[in-house]
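Hey, can you work out the whole structure from these sequences and the hints?
Read in order, the letters of the sequence shown correspond to residues -28 to -1, 1 to 396 in mature numbering (1 follows the signal peptide of the UniProt record, and there is no 0).
FYI, nobody ran anything at the bench for these hints, they're computed from the structure.
Here are the simulated DSS-like pairs of lysine-lysine, each with C-alpha atoms no more than 27 Å apart in a straight line:
1. Lys98 to Lys292
2. Lys290 to Lys78
3. Lys292 to Lys241
4. Lys330 to Lys164
Beta-carbon label-pair distances, calculated as ranges:
5. Val273 to Lys98: 43 to 49 Å
6. Ala297 to Asn41: 41 to 47 Å
7. Thr266 to Ala15: 57 to 63 Å
8. Gly127 to Gln340: 14 to 20 Å
9. Gly203 to Arg308: 18 to 24 Å
Backbone N, C-alpha and C fix where the C-beta goes; we use that ideal spot for every residue, glycine too.
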Amino acid sequence: MFCRGMAARLACAAACLLVGLALAPSHAQTLTMRSALSRALAASPRLTAAERDVGIATGQRIQAGTLLNPELSYEQDDSLGSGRYRGTRSAETTLQISQAFELFGKREARIAAGAAGIEVAAIQRKAVRLEVLSETAIAFLSVLGAQRRIQILNGQIAAIDRLTPLLRRRVEAGASSPAETGRAEVASALVKADRERFKATLASARRELAVLMGDPAAKFGEVSGRLDITGRPPTFQSVVAAIDANPQLVRWTAVYAQRNAELLLARLKPYPDVRIAAGWRHYNETNDDAVRLTLSVPIPVFDQNQGNILSAQESLAKTKAEREANRNALIVIAGRAHDSLQGSLRELAVLRETAIPKAVEASEAISQGYGQGRFTLLEVLDAQASVTQARLREQEALQNFHAGVATIEGLVGNPFTLARESAR
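Shown next as structure tokens:
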């Protein structure tokens, strides 16, 4: 009876454990490009900071539109003296409220500068979003490319290992030297050393991608995607034309409006505002009351805000130069990415049309001839290495191509269609 009860409890515990494991989130799931981009947008602290900048600018805009506070003052004259002014018997008491009124559109200029500040922050947030997407896509491609390179090296190691039985038979038959066994082991070890180097590269790439997605370490499994499909990108002239729509450049229009409003505000500051006050005065000696009215206007004799006006003028004039410098920097980046695209396409054409097919054909022929005693082991290993190097070069060119696409898409602000299809 006890054994049956214990068995039932164990079965129940095992069932609960299995259910818990089934409901627990899997940290080794295959990661897609779309999922990586979504997670990066959700976790990016830079994007969060950019959103806070919008909130900061919104607060400044609200503050810019507020009216000046009124002032309440209390005065007591002719008291606490000597003679007839001893104590408060002859005191004159005044209770007054005053309000300053801004004239000449100063408040409107502040509001315009605040509104332009919100637009600048909102556009900058879009620019940061594009940067996060582009960086995450490139990091994803680095992981995908490293994975593929390791697979290629695994294939070469397996090909060398498949030679071992044939090599042993040749040695036993006296057709090959026993030293060739060591040569094959050395070749396999060198490829394994290359694989370890690429594994370290993969680990770094995975960590970088994980950090972009908000994790300190990679909790995903492999990444999945296609690098082998390419297409013809748009012309560089069309890329340059599209760069003008990049938020980094669009924001300068809002910056110009903001600085123009700041210049207007600086020019308006010397114009005096009016302060009007109304109060009630009580005369203790006669127990009479009276109304007190005050109108005051500052005289801008010494401070006419010339320094701030000059500073605002220079800041406004600086805007155009800053935009052009920003545009030139983007064009340089786009040019490098576009040149990388074109160079990768030409490299892929040579590799796919000549290098890889010829290397595979030669490797297969030499491998078959080795079994017939027509080729040496060194020739077999050299042919296999040529195939591996050609395929590694192909993967590098493919990764550079798609990284260039991701860079340009981040600059133009939109994905572009590659001629003859692209299935990234």
